[in-house]
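Turn these sequences into a full structure, and let the hints guide you.
Residue numbers (my numbering), protein chains in the order written: chain L, 274 to 627; chain X, 274 to 627.
One thing to keep in mind: the hints can contain errors.
Pairs involving identical chains hold if they fit within one copy or between any two copies, as the list cannot separate such chains.
Here are the simulated DSS-like cross-link-like pairs (lysine-lysine), alpha carbons at most 30 Å apart as the crow flies [what the hints assert, rightly or not]: (1) Lys414 <-> Lys324; (2) Lys543 <-> Lys430; (3) Lys294 <-> Lys453; (4) Lys467 <-> Lys397; (5) Lys467 <-> Lys294.
In case anyone wonders, no lab produced these hints; they're calculated from the structure. All values derive from a computational prediction rather than experimental measurement.
2 protein chains.
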Amino acid sequence: MSDITTNTPTRLALDAMGGDKAPGEIVLGAIQAAREYGIGVYLVGQEEVLKSELAKHDTTGLDLPIVHTDEAIDMDEHPATAVRRKKNASMTLALQLVRDGKAIGAVSAGNSGAMMAAALFTLKRIPGVERPALGGVFPTKSTPCLVIDVGANTDCKPEYLQQFALMGSVYMERIFHTKKPRVALLANGEEESKGNQQVVETHQLLKRNAERLGLNFIGNIEGREILHPAADVVVCDGFVGNVVLKLSEGIGETLFSMLREEFTSSLISKLAAAVLRPGMRKIYKKLDYAEYGGVPLLGVNGAAIIAHGRSNARAIKNALRVAKETAETGVTQAITEGVAHLAESRADSTPSAL
Amino acid sequence: MSDITTNTPTRLALDAMGGDKAPGEIVLGAIQAAREYGIGVYLVGQEEVLKSELAKHDTTGLDLPIVHTDEAIDMDEHPATAVRRKKNASMTLALQLVRDGKAIGAVSAGNSGAMMAAALFTLKRIPGVERPALGGVFPTKSTPCLVIDVGANTDCKPEYLQQFALMGSVYMERIFHTKKPRVALLANGEEESKGNQQVVETHQLLKRNAERLGLNFIGNIEGREILHPAADVVVCDGFVGNVVLKLSEGIGETLFSMLREEFTSSLISKLAAAVLRPGMRKIYKKLDYAEYGGVPLLGVNGAAIIAHGRSNARAIKNALRVAKETAETGVTQAITEGVAHLAESRADSTPSAL
Chain L
274 MSDITTNTPT RLALDAMGGD KAPGEIVLGA IQAAREYGIG VYLVGQEEVL KSELAKHDTT
334 GLDLPIVHTD EAIDMDEHPA TAVRRKKNAS MTLALQLVRD GKAIGAVSAG NSGAMMAAAL
394 FTLKRIPGVE RPALGGVFPT KSTPCLVIDV GANTDCKPEY LQQFALMGSV YMERIFHTKK
454 PRVALLANGE EESKGNQQVV ETHQLLKRNA ERLGLNFIGN IEGREILHPA ADVVVCDGFV
514 GNVVLKLSEG IGETLFSMLR EEFTSSLISK LAAAVLRPGM RKIYKKLDYA EYGGVPLLGV
574 NGAAIIAHGR SNARAIKNAL RVAKETAETG VTQAITEGVA HLAESRADST PSAL
Chain X
274 MSDITTNTPT RLALDAMGGD KAPGEIVLGA IQAAREYGIG VYLVGQEEVL KSELAKHDTT
334 GLDLPIVHTD EAIDMDEHPA TAVRRKKNAS MTLALQLVRD GKAIGAVSAG NSGAMMAAAL
394 FTLKRIPGVE RPALGGVFPT KSTPCLVIDV GANTDCKPEY LQQFALMGSV YMERIFHTKK
454 PRVALLANGE EESKGNQQVV ETHQLLKRNA ERLGLNFIGN IEGREILHPA ADVVVCDGFV
514 GNVVLKLSEG IGETLFSMLR EEFTSSLISK LAAAVLRPGM RKIYKKLDYA EYGGVPLLGV
574 NGAAIIAHGR SNARAIKNAL RVAKETAETG VTQAITEGVA HLAESRADST PSAL
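Given below as structure tokens:
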């Protein structure tokens with residue numbers, strides 16, 4: 274444990290026990306990240322188990338300190354209850370390393386509800402943020418698009434959605450270097466009268482405040498446009514965003530499995546498919562969640578990345594990269610400033626401005 | 274106009290002026306349906322225009338009477354206002370033919386909001402139905418799945434969703450001969466505690482009433498499962514359903530366009546792609562909205578089918594088939610009985626049963 278107090282330049286914290294493929298693929302992902310990005314990674318979990326995983330690989334010269342704990346939260350545990358009961362759960366300790374300034378960001382592929390609860394509990398909300406939200410990066414034909422919220426908040430007020438717009442815009446600017454990210458509201462039509470009550474009200478709020486907040490609000494877009502992409506940030510509540518995220522994954526899987534069946538239906542089609550394989554792989558890679566690593570929980574004090582439960586080593590490696598970039602590009606600081614500005618603009622606004 | 278009063282066995286009514294490809298593809302779709310299904314189709318629209326379209330084809334022996342009107346509703350008109358102002362709009366007259374017993378069902382590929390408004394106004398709701406809803410048929414690897422509502426009602430009470438479940442179940446039973454259709458609620462998780470407030474409450478309502486209503490309620494499913502398919506009927510509000518519908522179309526288009534680019538990137542890949550073309554086409558056809566024709570507005574007194582704005586002749590032909598089957602299999606009657614039963618069960622239920 275002496276490593277923790279050592280003055281290391283850059284370390285991330287990884288919940289080494291979380292995820293369907295833990296600990297094997299998780300540890301391997303940390304090794305790859307340490308090597309590729311030249312960073313240190315705290316592996317939080319059962320020391321014996323992690324030591325034996327590390328022993329399977331060549332880790333010479335890599336900075337991979339183990340932080341031991343016997344507790345881990347299972348995939349099917351009730352998030353809030355589990356976080357409350359297991360004070361030393363691996364994901365909680367990983368977040369504490371961030372809170373205590375020993376790591377610049379934390380990653381877990383474990384129970385995502387518990388990771389959110391633990392992040393809220395450990396890192397706390399940025400002052401002024403009403404609800405932290407999950408920003409899911411969607412691959413498109415060209416630049417990626419961030420859908421926020423993809424599952425943290427099922428019932429949202431317009432004010433929450435306005436903050437999601439702000440946080441998403443900051444994230445795309447910092448992480449993907451998108452200039453003046455186009456922010457859109459997800460709706461059932463482009464006209465500003467379209468949407469459910471929540472969306473119609475949010476539209477008016479964003480229209481009114483966009484300029485003051487420095488948001489490039491472009492109005493409503495339909496589901497069809499997410500992958501187009503007609504916007505860089507797509508704002509919706511966490512119920513709708515979760516359906517969008519999972520439906521996208523499901524459609525991709527279904528299509529690829531249908532293609533696979535057709536392509537292996539005869540010898541000649543197998544041969545033809547072999548020719549096309551590199552191109553297919555390029556598409557598959559572009560659409561693969563593992564490339565994008567993980568979903569940031571925006572609005573908490575620190576970089577907390579929730580990786581897919583099915584994460585393999587590559588997904589973990591990329592999630593660690595996302596955590597590093599989120600920390601190093603000052604996403605948290607920029608959100609803090611943006612939200613403070615939102616509070617000011619609210620104080621400034623007179624009823625006549627409505 | 275004398276044709277209207279002739280005693281013909283089976284005729285449908287088609288808004289021949291509605292849709293991006295009207296009137297050419299619309300009229301052609303009617304000709305194909307008349308020939309293939311042995312039905313008559315009223316073509317409602319400008320007589321001169323429709324006559325000249327008909328003259329382009331061999332329509333010998335086909336029953337394709339024209340019902341003249343000069344009025345048509347444009348794609349970008351405000352639905353309710355347009356329907357109120359244009360009393361003789363082609364889609365309204367098509368629906369009047371159904372109301373007056375001269376046609377067994379109506380189809381329009383025009384302004385879908387206006388078609389819904391006109392159907393409500395002309396055919397009226399089935400007694401007891403709170404909100405008519407659009408049932409979108411989703412292609413999957415195996416049996417199709419009906420998502421209801423895909424856009425008629427953006428803000429819904431749990432009682433509305435319960436009726437959508439009932440109407441969707443009836444539709445899948447009658448039109449796709451699905452025995453005891455599996456009805457699921459769309460949510461952000463499978464546990465009954467998952468969902469926004471609306472979904473959590475609807476879950477309890479369906480759990481309580483499913484047996485009495487003869488519904489095979491299987492609980493919540495996630496977005497990923499729609500195409501699986503884990504259910505035959507997926508219930509959601511029209512805001513979420515519309516996002517689901519359009520996102521699905523968008524993802525399909527994006528994927529196929531990415532594949533097309535890869536497959537034409539070199540001569541050898543073009544050759545390989547040529548070998549795989551029949552298989553690809555099979556998939557494309559399976560996923561093509563045109564195969565499924567149109568979306569029924571369930572809960573009104575009569576068969577009203579809303580076809581895709583971009584409908585080609587094949588989509589119109591299939592929409593006419595759907596209208597015919599919806600009428601002939603007694604969907605409206607079955608919904609009427611189901612809703613009456615729902616009212617009874619509500620009257621029966623004592624507070625202690627809650």
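**Prompt:** Honestly, which of those hints from before does the structure not fit?
**Reply:** Numbers 1, 2 and 3 - these are the hints that the structure violates, sorted from lowest upward.
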